[in-house]
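Each chain, written out:
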Amino acid sequence: KAGVTQTPRYLIKTRGQQVTLSCSPISGHRSVSWYQQTPGQGLQFLFEYFSETQRNKGNFPGRFSGRQFSNSRSEMNVSTLELGDSALYLCASSLYPLDTQYFGPGTRLTVL
Amino acid sequence: EDQVTQSPEALRLQEGESSSLNCSYTVSGLRGLFWYRQDPGKGPEFLFTLYSAGEEKEKERLKATLTKKESFLHITAPKPEDSATYLCAVRLIQGAQKLVFGQGTRLTINP
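Chains as they are written, first to last, in this note's numbering: chain A, 1 to 112; chain B, 113 to 223.
Everything labelled a hint here was simulated from the structure, so no lab data went into it.
Since the model is a prediction, treat every value here as computed from it, not as a measurement.
A couple of the hints might just be wrong.
[Said to hold, decoys possible] Taking lysine-lysine pairs in the BS3-like style, the calculated list, with each CA pair at most 27 Å apart, reads:
| id | chain 1 | residue 1 | chain 2 | residue 2 |
| --- | --- | --- | --- | --- |
| 1 | B | Lys154 | A | Lys57 |
| 2 | A | Lys13 | B | Lys181 |
| 3 | A | Lys57 | A | Lys13 |
| 4 | B | Lys169 | B | Lys154 |
[Unchecked claim] Across the chosen pairs, the derived CB separations fall in these ranges:
| id | chain 1 | residue 1 | chain 2 | residue 2 | range |
| --- | --- | --- | --- | --- | --- |
| 5 | A | Lys13 | B | Thr117 | 47 to 55 Å |
| 6 | A | Leu112 | B | Ser136 | 33 to 41 Å |
| 7 | B | Ser131 | A | Asn71 | 41 to 49 Å |
| 8 | B | Tyr163 | A | Gln41 | 23 to 31 Å |
| 9 | B | Ser140 | A | Arg108 | 40 to 48 Å |
| 10 | A | Arg9 | B | Glu121 | 40 to 48 Å |
| 11 | A | Thr20 | B | Ser119 | 37 to 45 Å |
| 12 | B | Ser164 | A | Ile12 | 23 to 31 Å |
| 13 | A | Ser51 | B | Gly141 | 21 to 29 Å |
| 14 | A | Arg108 | B | Gln115 | 33 to 41 Å |
| 15 | B | Lys180 | A | Thr80 | 40 to 48 Å |
| 16 | A | Ile12 | B | His186 | 37 to 45 Å |
| 17 | A | Ser70 | B | His186 | 38 to 46 Å |
Here a beta-carbon is modelled for each residue, glycine too, at the ideal position from N, C-alpha and C.
From just these sequences and the hints, can you work out the full model?
What follows is the structure, encoded as structure tokens:
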């Protein structure tokens, strides 16, 4: 069974731009969560989607948003990029919200 | 505030030298403790889930245990391929159903 896939794997943007990251969960998984990983803060929860509905949101500004489609694929968007948004963005999927989460390889975002 | 603390931050061992990694947590409610392994440039790889004090799980050279306030990841006779960052995470009962991660332990096994 294929794992979680994320596209693109690498991205370079400049301050003020916006970016959209994509995540395809493991086949059959309906829950998708997003995390931001930085050397200073470690892994931090962004939001969780299940059945196209956002169930929970972490402590991030409104510039960070996401959505989930009917096929469980998910996207996250970051508007008005700041230098501090440079990070590895990880997507994780699970069958249901309280099941074990399996992570994708991440998208490395660099903001210049 | 809910917190997960891992120690040590970094650990260097010789091949075959057994040791333990610690994950302590102060949370108002626990709905599972998870161990992940992360290699450089990759996403975390799931290892174990523990739900209640006294529970133990094993996989090859790894064994995870859980008490009311901490978890240990025991590594027996490690090999160089066990080198990675080991992450501990807890799922909370109250509030968001999210994983709260520790900062990780960077483990290096020298041949």
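Within 23 to 31 Å: is that where the Cβ-Cβ distance between B:Ser164 and A:Ile12 falls? violated, 46 Å
B:Lys169 paired with B:Lys154 [C-alpha distance capped at 27 Å]: holds, 24 Å
Does the Cβ distance between A:Ser70 and B:His186 fall inside 38 to 46 Å? Because 44 Å falls inside the window, the suggested range holds.
Hint check: A:Lys57 vs A:Lys13, CA-CA at most 27 Å. Holds or violated? holds, 24 Å
Given the hint of 40 to 48 Å, is the C-beta distance from B:Ser140 to A:Arg108 inside that range or not? At roughly 34 Å between Cβ atoms, A:Arg108 and B:Ser140 fall outside 40 to 48 Å, so the hint is violated.
Cβ separation of B:Lys180 and A:Thr80, checked against the hinted range 40 to 48 Å: Hint holds: Cβ distance 44 Å, inside 40 to 48 Å.
Quickly compare the C-alpha distance for B:Lys154 and A:Lys57 to 27 Å and report which way the hint goes. This hinted pair holds, its Cα atoms lying about 24 Å apart.
Taking the Cβ atom of A:Lys13 and the Cβ atom of B:Thr117, is their distance within the range 47 to 55 Å? violated, 34 Å
If you draw a straight line from the CA of A:Lys13 to the CA of B:Lys181, is it 27 Å or shorter? violated, 42 Å
Does the beta carbon distance between A:Arg9 and B:Glu121 stay inside 40 to 48 Å, or does it fall outside? The hinted range 40 to 48 Å is violated for A:Arg9 and B:Glu121, with Cβ atoms some 28 Å apart.
Holds or violated: 37 to 45 Å for the Cβ distance of A:Thr20 and B:Ser119? holds, 38 Å
Given the hint of 23 to 31 Å, is the C-beta distance from B:Tyr163 to A:Gln41 inside that range or not? Since the Cβ atoms of B:Tyr163 and A:Gln41 sit about 27 Å apart, the hinted range of 23 to 31 Å holds.
Hint compliance for this structure: hints 2, 5, 9, 10, 12 and 14 are broken, all remaining hints hold.
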